[in-house]
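Student: Chain residues, written in single-letter form:
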Amino acid sequence: MSITRRNFLKIAAATGGLAIAGTSTVTSVLGLGKKPVSLPQYIPTTCEMCFWRCGVIAKVVDGKVVKLDGNPLHPNSRGKLCARGHGGIGLLYDPDRLKTPLINTGARGEAKFKKASWDEALGFVADKMQKIKEKYGAESIALLTHGTISTYFMHLLQAFGSPNFAMPSFALCRGARGVAFELTFGEDVGNPERLDIQNSKVVVLIGSHLGENAHNSQCQEFAEAVGKDATVIVVDPRFSTAAGKAKYWLPIKPATDLALLLSWINVIINEGLYDKEYVAKYTSGFNEVAMAVKEYTPEWAEKETDIPSSLIVDTARVIGKNRPHVLIHPGRHTAWYSDNVQRQRAVAILTALLGAYGRPGGIYLSPKKKLEPVFLSDKDYPEPQKPALNKGDYPFAGEEGVTHVIVKATLTEQPYPIKGWFITGTNIMKAMPNQRDTLSAIQKLELLVAVDMMPYDGVMLADVVLPECTYLERHDDLFTVKERAFGISIRQPVVQPMYDSKPGWWIAKELGKRLGLEDYFPWNTFEDFLKMKCETWGIDYSELVKKGYISFPESEAPYITSDNQPKFKTPSGKIELYSKELKEKGFDPVPKYTKHKQPPEGWFRLIYGRAPVHTFSRTTNNPSLWELMKENTAWVNAKVAKKMGLKNEDYIVLINQDGVKSNKVRIKVTERIREDCIYLVHGFSSTSKLLHRAYLRGADDQQLITKYDIDPISGSVGMRVNFVKISKEV
Amino acid sequence: MPKYVMVIDVERCIGCMACVIACKKENNVADGYFRTRVVEEVRGEFPYLKMELRSELCNHCENAPCIDACPTRASHRAKDGTVQIDKKKCIGCKACILACPYDARYSTPEGVADKCTFCEHRIKEGKKPACVETCLGKSRIFGDLDDPNSEVSQLLKKHDAAVRLEFAGTKPRVFYINKKFAGGL
Chain F
1 MSITRRNFLK
11 IAAATGGLAI
21 AGTSTVTSVL
31 GLGKKPVSLP
41 QYIPTTCEMC
51 FWRCGVIAKV
61 VDGKVVKLDG
71 NPLHPNSRGK
81 LCARGHGGIG
91 LLYDPDRLKT
101 PLINTGARGE
111 AKFKKASWDE
121 ALGFVADKMQ
131 KIKEKYGAES
141 IALLTHGTIS
151 TYFMHLLQAF
161 GSPNFAMPSF
171 ALCRGARGVA
181 FELTFGEDVG
191 NPERLDIQNS
201 KVVVLIGSHL
211 GENAHNSQCQ
221 EFAEAVGKDA
231 TVIVVDPRFS
241 TAAGKAKYWL
251 PIKPATDLAL
261 LLSWINVIIN
271 EGLYDKEYVA
281 KYTSGFNEVA
291 MAVKEYTPEW
301 AEKETDIPSS
311 LIVDTARVIG
321 KNRPHVLIHP
331 GRHTAWYSDN
341 VQRQRAVAIL
351 TALLGAYGRP
361 GGIYLSPKKK
371 LEPVFLSDKD
381 YPEPQKPALN
391 KGDYPFAGEE
401 GVTHVIVKAT
411 LTEQPYPIKG
421 WFITGTNIMK
431 AMPNQRDTLS
441 AIQKLELLVA
451 VDMMPYDGVM
461 LADVVLPECT
471 YLERHDDLFT
481 VKERAFGISI
491 RQPVVQPMYD
501 SKPGWWIAKE
511 LGKRLGLEDY
521 FPWNTFEDFL
531 KMKCETWGID
541 YSELVKKGYI
551 SFPESEAPYI
561 TSDNQPKFKT
571 PSGKIELYSK
581 ELKEKGFDPV
591 PKYTKHKQPP
601 EGWFRLIYGR
611 APVHTFSRTT
621 NNPSLWELMK
631 ENTAWVNAKV
641 AKKMGLKNED
651 YIVLINQDGV
661 KSNKVRIKVT
671 ERIREDCIYL
681 VHGFSSTSKL
691 LHRAYLRGAD
701 DQQLITKYDI
711 DPISGSVGMR
721 VNFVKISKEV
Chain V
1 MPKYVMVIDV
11 ERCIGCMACV
21 IACKKENNVA
31 DGYFRTRVVE
41 EVRGEFPYLK
51 MELRSELCNH
61 CENAPCIDAC
71 PTRASHRAKD
81 GTVQIDKKKC
91 IGCKACILAC
101 PYDARYSTPE
111 GVADKCTFCE
121 HRIKEGKKPA
131 CVETCLGKSR
141 IFGDLDDPNS
151 EVSQLLKKHD
161 AAVRLEFAGT
171 KPRVFYINKK
181 FAGGL
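Same order as they appear, the protein sequences are chains F and V. Numbering-wise, the first sequence is residues 1 to 730 according to this note's numbering. Numbering-wise, the second sequence is residues 1 to 185 according to this note's numbering.
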């Protein structure tokens, strides 16, 4: 039996909505003198083991979290959690956690930390910040941030007077997709994506290994589609788990995905397999696309992609004939090459031609619900004295900012110097390409502050380390969930913070106080703010505390119908197959194929991806998850391995085109990868000695990404441009 | 007596490993041990490949060699028909571990035999085993085979189900449907 809504409400009611579980016991069982039994308490909250933000119910016994389960009311979890979600307990009780504030007493990056009180550490940071402000201006402090903590530190930074923040989630992840879909449909596909996979007749995964990226509700829907015999088409140089479910696996030559997409569009237009009515009614620029893709025939694409033209035609027909119930997965980590936006534009155009946007089995429409914005304070931010530099010269860079621009500006001191960095919730050494640039930039700083839970590689470089408590020990801002229906999810502490760690909001507020910015933090505790927010939105706070999630089912209108017409927020009000906005800024209005360099003989393209039990580099030390995957392996094609005399599980070293050597890594000899690629799961080989389990386990893909391309449209990075060779000398 | 069985729809397993961790946390399984695993089997040559992801656990066999091998009756058939271990009676002789053809048992750091219990404590409360509850793909399905209306009964009526090492004659209560490869279990 799953926890039904009714049962769960009963449980929640029994806990009285108390956020933090005390110990409650039954002291006497009918007076029979049995030992007192601790009664478990069940407290709902929101997960942060990845960015999916599933609803969680924590089972707490004697003040200890013993089990985490998915909240059945929450659409991202639906009563289930992935391995990482269950492994959240491992983060909470990891003995390697940051326990007190630390101040580095050695040279920058030397990590000769002394323990400090919060007062001392925050005073130190505030003092340095004021000095940088006096000398260079407030804009010279930048923030690299990820996760829920971003809310408070972006607020603090802007109150202080700097607009310079950047999140890896844009340039290093899904930014290109966001830009491409905004240009085409007037909005991004959401986070989590609004994908109607459970109703798809055809699911196309192009460079997206669903299952290995354990995005909870999406995996659930993918399995549902597979169970209902949907045709799965997987385009990947590697035989991923998803490829194991596929009717068609297209082991594409890396860097040629755009050729395949354009060729599919060619076939679909030539054979009249597009949705003529939909295209006429909702799109503009069809003729321009039809003209532009004429040259991209399957025969041409075969030479580029290594996929037989007959297979390109067959799959195009399967896609076309099942329209509009086709899901071309827009992907998440889209930072591949220098033409990321154009590749993603091709995905968007193909989706539109199939009439799959706003249709069952395609991309469903946003729920219709407007909530009044509630800010952390009513006070306006001061106007920065210098222009923001965090978007670089990229005309379509997003609001999240561009991380490599911050690094470059710090290095070059152009257009003005950056002298202070805050890094909150992101492991910069594992997130950003070219670690040498990052390290050199750090040497130019006068202040580097890290706020995190664990001593990740990036944290070890900081002058001051401020230990945040985990998501199971704190309140955070409410999460607005835009699944099929709109909803609100709460994060609340299920146990008290351990050690001397503090919630992110508290750290930002206390630092704000010391900077004379207390007016920007008008609430005493974050719960006060949440209550006020709920009141403004007309939500019963106590109900939210008890249930963890409140849904607004009336907001659900996923498909286009006669009385649910989509609004495209593009300049033309239509789906722009031909983008005037791109044309105006000097870019191709319809995607054109760009050829990328292929590895020379004896070299392999380094590709990387995810494992279902780890999130980036953030979980490799988690005792529960480490146990299941202690290190990564280098996937090498079996023929290549045989030629080189390499045996499965031998240790090898990878060396990239710039001579950078990886840590030793076991080889996985497999048929599941092309001969011209090597694959690593991302995030391994921590260099932080304080991560006792993860330290130097496996190889770090990011270390080998010394070279990167930049997409001139968005600033999205291309990180699949590095070539490696194998050395047996370990 | 109910006949609890698990049906594993191999095709719906996406290898997310949620079951493995959920089981560990639910049952407080010792570090370094697992009561269930997901085995990946790949056959063929690039690019003509097939892959099967197969969850494995104690089969709660009807003819359970572990029960026969146990000298103290610590391994026994419980009232609900599942195969269980009475830790108080276990003397750590490991005979059951050797007797099990499925490699489903291990010896805990305290020296007693341990394995999947089908989450008997949860069954008692009317819940599904933890691995089933959290299975993202709904690849693990649990229920009473004696109830003709149960999902497991319906599924086993519809599919040709396989069991692991059928030739061992243990009559497992874990069934596999939609298998890609016959045998080889």
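It is possible that some hints are incorrect.
[Unchecked claim] DEER-style ranges, computed between Cβ atoms:
id	chain 1	residue 1	chain 2	residue 2	range
1	V	Y33	F	D500	31 to 41 Å
2	V	R43	F	P415	29 to 39 Å
3	V	D160	F	P553	57 to 67 Å
4	F	K386	V	Y33	34 to 44 Å
5	V	E40	F	E601	24 to 34 Å
6	V	R43	F	K569	44 to 54 Å
7	V	L98	F	G645	54 to 64 Å
8	F	K294	V	V163	48 to 58 Å
9	F	E518	V	G111	58 to 68 Å
10	F	E556	V	R73	51 to 61 Å
11	V	K50	F	Y695	30 to 40 Å
12	V	Y33	F	K64	15 to 25 Å
13	F	R317	V	E40	48 to 58 Å
Hint data in this document are derived by calculation from the structure and do not stem from the laboratory. Cβ coordinates follow ideal geometry from the N, Cα and C atoms, glycine included.
Student: The structure should be examined with respect to each hint, and the outcome stated for every one.
Tutor: Evaluated hints:
| no. | hint | in the structure |
| --- | --- | --- |
| 1 | Y33(V) with D500(F): 31 to 41 Å | 34 Å, holds |
| 2 | R43(V) with P415(F): 29 to 39 Å | 58 Å, violated |
| 3 | D160(V) with P553(F): 57 to 67 Å | 41 Å, violated |
| 4 | K386(F) with Y33(V): 34 to 44 Å | 58 Å, violated |
| 5 | E40(V) with E601(F): 24 to 34 Å | 32 Å, holds |
| 6 | R43(V) with K569(F): 44 to 54 Å | 49 Å, holds |
| 7 | L98(V) with G645(F): 54 to 64 Å | 38 Å, violated |
| 8 | K294(F) with V163(V): 48 to 58 Å | 56 Å, holds |
| 9 | E518(F) with G111(V): 58 to 68 Å | 60 Å, holds |
| 10 | E556(F) with R73(V): 51 to 61 Å | 57 Å, holds |
| 11 | K50(V) with Y695(F): 30 to 40 Å | 38 Å, holds |
| 12 | Y33(V) with K64(F): 15 to 25 Å | 21 Å, holds |
| 13 | R317(F) with E40(V): 48 to 58 Å | 32 Å, violated |
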